[in-house]
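Residues per chain, in single letters:
Number of protein chains: 2
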Amino acid sequence: MNFSQRVLNMQASPIRKLVPYAEEAKKAGKTVLHLNIGQPDLETPKAFFDYIENYKPEVIAYTHSAGLMELREAFSKYYNKHDIPFTPEEIIVTNGGSEAIVFALAAIADPGDEVIVIEPFYANYRGFAEMINVKLVPVRALPETGYAVPSTEEFEKALSSKTRGIIFSNPSNPTGAVYSEEELKRIVDFAKKHDLFIISDEVYREFTFDGTKHISTMAFEEYDRTIVVDSISKRYSACGARVGVFATKNKELYNQVMKMAQSRLCPPMTAQLGTIGLLEMDDSYIKEVYEEYDKRRLAVYEELSKIEGAVFKKPKGAFYVSVKLPIDDSEEFVKWMLTDFAIDNTTVMVAPLTGFYATEGSGKQEIRIAYVLESEKLKKATYILAEAVKAYNNR
Amino acid sequence: MNFSQRVLNMQASPIRKLVPYAEEAKKAGKTVLHLNIGQPDLETPKAFFDYIENYKPEVIAYTHSAGLMELREAFSKYYNKHDIPFTPEEIIVTNGGSEAIVFALAAIADPGDEVIVIEPFYANYRGFAEMINVKLVPVRALPETGYAVPSTEEFEKALSSKTRGIIFSNPSNPTGAVYSEEELKRIVDFAKKHDLFIISDEVYREFTFDGTKHISTMAFEEYDRTIVVDSISKRYSACGARVGVFATKNKELYNQVMKMAQSRLCPPMTAQLGTIGLLEMDDSYIKEVYEEYDKRRLAVYEELSKIEGAVFKKPKGAFYVSVKLPIDDSEEFVKWMLTDFAIDNTTVMVAPLTGFYATEGSGKQEIRIAYVLESEKLKKATYILAEAVKAYNNR
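One line per chain: the protein sequences are A and B, in this order. If you're matching positions, the first sequence starts at 2 in our numbering and goes up one per residue. If you're matching positions, the second sequence starts at 2 in our numbering and goes up one per residue.
Think of the hints as simulated: they come from the structure by calculation, not from any bench. Treat the hints with care, as some may be off.
Any copy will do: because identical chains look the same in the list, a pair fits if it lies in one copy or spans two.
Claimed, not checked - In the DSS-like style, the derived pairs of lysine-lysine whose C-alpha atoms are separated by at most 25 Å in a straight line are:
1) K252 x K18
2) K57 x K47
3) K314 x K136
4) K31 x K18
5) K163 x K136
6) K158 x K288
With these hints in hand, go ahead and build the complete structure from the sequences.
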C-alpha cells in the first residue's frame, strides 16, 4: 500500500510546522503575540446567531447545491452594491473560499495543466492545486515594488501550451498590495491575448486604505473568462463559518461547476442561514471594522519603518504586510524568536514567506505580518520584531 | 478557453435530470410522492440548535483542521460504544461524508489509478472520483442475490496493476444490503492478498433490521489498510449540517490526509457545535428513528412483493431498497410516471438505478426506493408504483 504521489507532494504548512515551538515557548511561561495567521480577533456580529435562532428549520435538510436562494439573493444584492453585476443564478455558495478555488481549478485544468499565479500567493493555493494535480507556475512580484503586478514580459515567460488560467488575490494575501486599474488591465489583456481564464480572489474587497479603491476584475467585463472567488471569513470575522462564493457570468462554466457542487450535495445550512443575517446588516459594521484595521495598519507601518534594512511599501489592503528583512532564513528566524528571544518575557510569531512561494528557495528573507491584534499590542509586537532582527544578526 | 476534460466527463445526476418533470407534474396539479432522494423527513433533534445557542463563541474562528477536540472526543466515545476503537487523534471531521471520500481517494490514488467499487454504488462516488481523476472499476452485485458481495473471482477480474483500493457502503446505498461477516471477510482477504486500502462507508451503521447486526470493517483489525467514512446526515436527519468523518488507525495515512484538511482550514464550526449536542443525546432518539424506519421498510416490502416480476430480497439495512422491475428503461419509466401516470391525481418519483452503475447501460431495469415518508404514504406510493408498472407495459 502506497500513498498517492499527489498527497506526498503536498507540503505541511510552514506556519503549522512552527506551531510546536510556539507551544513550547508558552509552556516555558513566555507570552507569544501571534501575527502569524489571518484569524481576526474581532467579534463576529450577533446577527449571525440571531438569524439561525429565528429561522431554524425543523429538519436540517440538504439545501440547493448552489446554496439557499435567499442567501444567493443577499449575495447578489451585496455584489450589485459594489458594482459587480452577479445575479443569484451566477453564484454558487461554497465551503469557504477554499472550495471555490478547488472548483475553479478543477473546471479549467486537467492533471498536468498549468495555471499562472502571482507569487508570493495565498499558501493554500498550492495544496488545492496539488490535490487535483494542477501545476501552479509562478510569476514573481517583488518587495521593492510593493509587490506590484509583474511585467507582461514575465507573464509571457511563464506561458506554455498547457496554461489554462491565471490566479491571484486582490487585495493580496500575503503582501497587502492592491492592484491598480492599469495593473489589472495588464492581467486581463494577457488573459485575452492567450485565451485564459482569470480566477480573481477578492475576499479582502472591503479592506483598501489611503483612498485606494478596490477594482474587481469584473470591471473589465471579460465575463466569459472571469471567475470571482469570495468569502465571508475576513469581512465578518467568521472564518470558521466556512461560507464562500464561486461566481461567474459564464453560464456554461457555471453549469460545469454545478456538477461538482451537486456531488458534494450542499454547503453547510446553519452557516448559510447565519450569513443571510450578516449580509442583511447595514454598513456600519464594516465601517467600524475597516477603521480598526486602518489604525492597526498605520501602527505596524510606523514601527516597521524603524527597522534598518527592511524593504517594503506601505501596505494598501487586506490586513497583511509582507516585508523583506536583513535575515538569511525566515523559517529559522521565526523559530529562533520563539526559542531564544523575548523582551519582558514576550515574543512574537510571524509567518515566514517561504510557504507563499512556488519557486523553491524563495522567501528566505521575507515574512508576513497579519495585523490581527489591537494597535497597542501590535506596536509592541512590531517593536519586539525589530529588536529581534538586530539580536538575530548579532547572535 | 476550454473546460477540463475531467469536468466534462462528470455526468449530471440522473435523479436531478428528472426533477424538471416532477416540477411540471406539480404545476399541473398532481401530487408527487418523493421516494427518489435520501433526505429523511424526520425532525432533527433540538439538541443540535440548543448546543449552538448555549455555546456560541464571540468569534467564529477557524477550528482545528481535524475538527473541535470536544467533537472528536464525542465521536470517539460513540465509536467505542459500537466496538470501533477510534481515538480522537484518529478522527478528522469533514464537510459531510462527501469530503471524507474525496480525501480517502486522493490519498491513495493518483490520476489514472483505479479503485474497485461494488456496483450499484452511491452515485456521487463517481463525481468525486472524476473530479480527482481516479478510475472506479466496478464489480457487480445482483438483485437476484439481494445485492450480496460478488464472488472473489469477480474481484480478481477487476484487479490491475493500477488498483489501489476498494470502496463500498455497508449498509448499502442504494441496495439496502447489509454485508455478513463472511462477505466482509472475503473483501478484507482480497485487500490483504493484493495489498489494497479499504474505504468502508458506514453512514447507515444504525439501520440494520430483522436482527441483522452491522459489522464494521474495523472488526477485522486490518488497521493499516482500513479507512472508515461516516456522517451524521442520516443518523440524525441532519443532511444539511455537512458533518462527516474520515477515520483511520494508520497514523501515516492520517498525517497525509491532514495536509489536505489543513489546506481547506476546517469543517463548519456551527455544525460542529450542533453535532456535539447530537452525540451527547441518549440512545432513545436513535431507537425511535430505527423503529420508524423498520415500520416503513416492512410497508414497502409488503407492497413491493405484490408486483409481478419484481426481483429483490427483503432489504436488511439503510433506508433504501433497490428492485429489478419488468421495465425496459428505468429513466424513461420514471419520467413517464411523472408525465403520463397518476392515481387519484397522485404519482410517485423514484430513482432510476442507471446513475448508480459505472458499467454503461446497466440499471435499466432497476430503481431505488428511499423510504423517507411515513408508512401510510409509503404504502400508497408503492401501490401507485405497482400499478404504474402494469400500465407502463400495457401503454
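Hints, verified against the model:
In this homomeric assembly, K252 and K18 come within 25 Å of each other (Cα to Cα) only across copies, at 17 Å, whereas the closest approach inside a single copy is 42 Å. Taking CA atoms no more than 25 Å apart as the test, K57 paired with K47 passes in both settings, with 15 Å inside one copy and 10 Å between copies. Proximity of K314 and K136 under a CA criterion of 25 Å is satisfied in neither setting, with 30 Å inside one chain copy and 49 Å between copies. In this assembly of identical chains, K31 and K18 lie within 25 Å of each other by CA distance solely inside one copy; the values are 19 Å within and 60 Å between copies.
In this assembly of identical chains, K163 and K136 lie within 25 Å of each other by CA distance both inside one copy and across copies; the values are 9 Å within and 23 Å between. For the identical chains of this complex, K158 and K288 are neighbours neither inside a copy (41 Å) nor across copies (65 Å), given an alpha-carbon limit of 25 Å.
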